[in-house]
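Participant: Each chain is listed here by its residues.
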Amino acid sequence: MSHLLSLQQDFLKSFRHGSSFEDNIIVNGPSPQNRLSIYHNNIVQALINCLSIAYPLTWKLIGEDCAKGAAHTYIHTEKRLPLEGNLYEWGEDFPNFLTKYKPTQKLAYLSDFARLEWLMHLSYSAEDQRPLTGEDFKDIKPEQFESLLLMLHPSAHLFSSTQPLDQVMAVLDDEVEGITLEKRGSYALVVRPLRKVNVHWISETSFTLYSQLQKGDTLIEALEKISLEGFQFHEFLSFSLKNGVFSNYAFKS
Amino acid sequence: MSTHLSNNEELVGVGLRHPHFSYVLENKPRVGWFEVHSENFFQKGGPSPAFLKEIREHYPLSLHGVGLSLGSAEGLNLSHLEKIKQLIDCTSPFLVSEHLSWSTVSSVFLPDLLPVPYTEEALNILSRNIDQAQTALGREIFIENPSSYMEYKDSTYTEIDFLKTLCKKTGTKLLLDINNIFVSASNHGWDATAYIKEIPSELVGEIHLAGHAMTTFEDGSHLRVDTHASHVCDEVWDLFSQAVGQGIRVPTLIEWDSDLPDFETLHNEAKKAEAYL
Chain A
1 MSHLLSLQQD FLKSFRHGSS FEDNIIVNGP SPQNRLSIYH NNIVQALINC
51 LSIAYPLTWK LIGEDCAKGA AHTYIHTEKR LPLEGNLYEW GEDFPNFLTK
101 YKPTQKLAYL SDFARLEWLM HLSYSAEDQR PLTGEDFKDI KPEQFESLLL
151 MLHPSAHLFS STQPLDQVMA VLDDEVEGIT LEKRGSYALV VRPLRKVNVH
201 WISETSFTLY SQLQKGDTLI EALEKISLEG FQFHEFLSFS LKNGVFSNYA
251 FKS
Chain B
1 MSTHLSNNEE LVGVGLRHPH FSYVLENKPR VGWFEVHSEN FFQKGGPSPA
51 FLKEIREHYP LSLHGVGLSL GSAEGLNLSH LEKIKQLIDC TSPFLVSEHL
101 SWSTVSSVFL PDLLPVPYTE EALNILSRNI DQAQTALGRE IFIENPSSYM
151 EYKDSTYTEI DFLKTLCKKT GTKLLLDINN IFVSASNHGW DATAYIKEIP
201 SELVGEIHLA GHAMTTFEDG SHLRVDTHAS HVCDEVWDLF SQAVGQGIRV
251 PTLIEWDSDL PDFETLHNEA KKAEAYL
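Those protein sequences? They're chains A and B, same order as listed. As numbered in this note's numbering, residues 1 to 253 make up the first sequence, in order. As numbered in this note's numbering, residues 1 to 277 make up the second sequence, in order.
Please note: incorrect hints may appear among the correct ones.
In silico DSSO-like links for lysine-lysine, alpha-carbon gap of 27 Å or less [unchecked claim]:
#1 A:K13 / B:K153
#2 A:K60 / A:K106
#3 A:K13 / A:K68
#4 A:K215 / A:K225
#5 B:K153 / A:K196
#6 A:K242 / A:K252
#7 B:K44 / A:K242
#8 A:K106 / A:K79
#9 B:K44 / A:K196
#10 A:K79 / A:K102
#11 B:K271 / A:K196
#12 A:K100 / A:K79
#13 B:K85 / B:K53
#14 B:K28 / B:K53
#15 A:K215 / B:K44
#16 A:K138 / A:K252
#17 A:K196 / A:K242
#18 A:K102 / A:K68
Worth flagging that the hints you see were computed from the coordinates, not collected in a lab.
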């Protein structure tokens, strides 16, 4: 093994397990331990910063001190370090950690809220595509509707929770002051048709319909899997087009 | 590559960070060029790449990488290299730079610019990695001298000799970070003036100027830390003046990454740099 590789592996061990690395460092003024601590601290702070960028609402929800404490423990106990230099994609399992982190464990909604926020983070940087408008459908012939496939925008994500995340979001948006969370679930559609990421709170029926379309069902197949009672398709379609949910269509052969 | 920047105003650029994007696009400040961190624009889509495209329509652009890990003994991450290539293809930057450092080992990325020992082995590994990167990117990349907080017992070169030898072996140039020289010199007891004196002007392709902070430990000892969160200090301006006096007159950047002030503050720092040129 090369000496440089061995040195770099030893540095990683010193960061992960606190093993000694100081013997490699020239003694000159500040102790080798203090010198090494600057690097270790820089790495931790950079990772905490990454999480704060990916989860700004979770940060606001639990407060900066608590969030930084959670991030610090996550980095040191989970040992989930980034695999590459594109840090935008690091931190996906932070919500899972929050379910185990004692200071936040009692907040039943927190991990799901953070999962939703991760989807918002992904949506922000998803591939750009022009959303479909009503005009795009004008050439579809009536006989083609049976095989019509509607593709969700690349930035679209669906998320369901047993917690009322819409109420949590309303508190964060300052729409309401402290509230008592209702005992119900919530269904979210995250989408960024242009520059802004939007979170839409949708019905269970719409959630199922979008999910089926995302899985590759034709529109007709997807409609067969939902309860049509009280469901207004034209409202669903109008909402979808207004909010840039679809970016393409095709026909199932 | 940078010869089209000639007057003082054109030579001085500013590090551009997300909070200033809208201001820059709305006000089009008279700044010679902008530099961004390559890794901040690896996304497939969304507002960031769109902003960068707009900025590029109005200003020359430099891409400065913080994640390629040229000093990794295990070699380069080819996926990372490919993303840089794609960004270069999209933005046609006039400068591309990376650091004399490592961040990746055992398939783990440590987000800091970690120092390499100045040994023959490290020189060969860095040369191999730089050659690979320059070949893959189809262009020259400048290499930035590090801010360092420790020196390795194994080092057999001084930093400046190591850098000069590396440039000779790879044909690349230095991105001379004057603040890094001052920080490292203070932390290790080097003579920053002598360091700059040893640099041939033709070896420098770009200059960085930034602020730093002092960290004091419990035992009362202290180290200077490269934070990019404050004004350029007087000592660094003096060293910059020395470099310019030696004939190092190249694209010069004001870097400010944390605790960002309003853009005007950065612009004023840029104007101050222009006055030295």
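Participant: Hint by hint, which ones does the structure fall short of?
Facilitator: Violated hints: 5, 11; rest satisfied.
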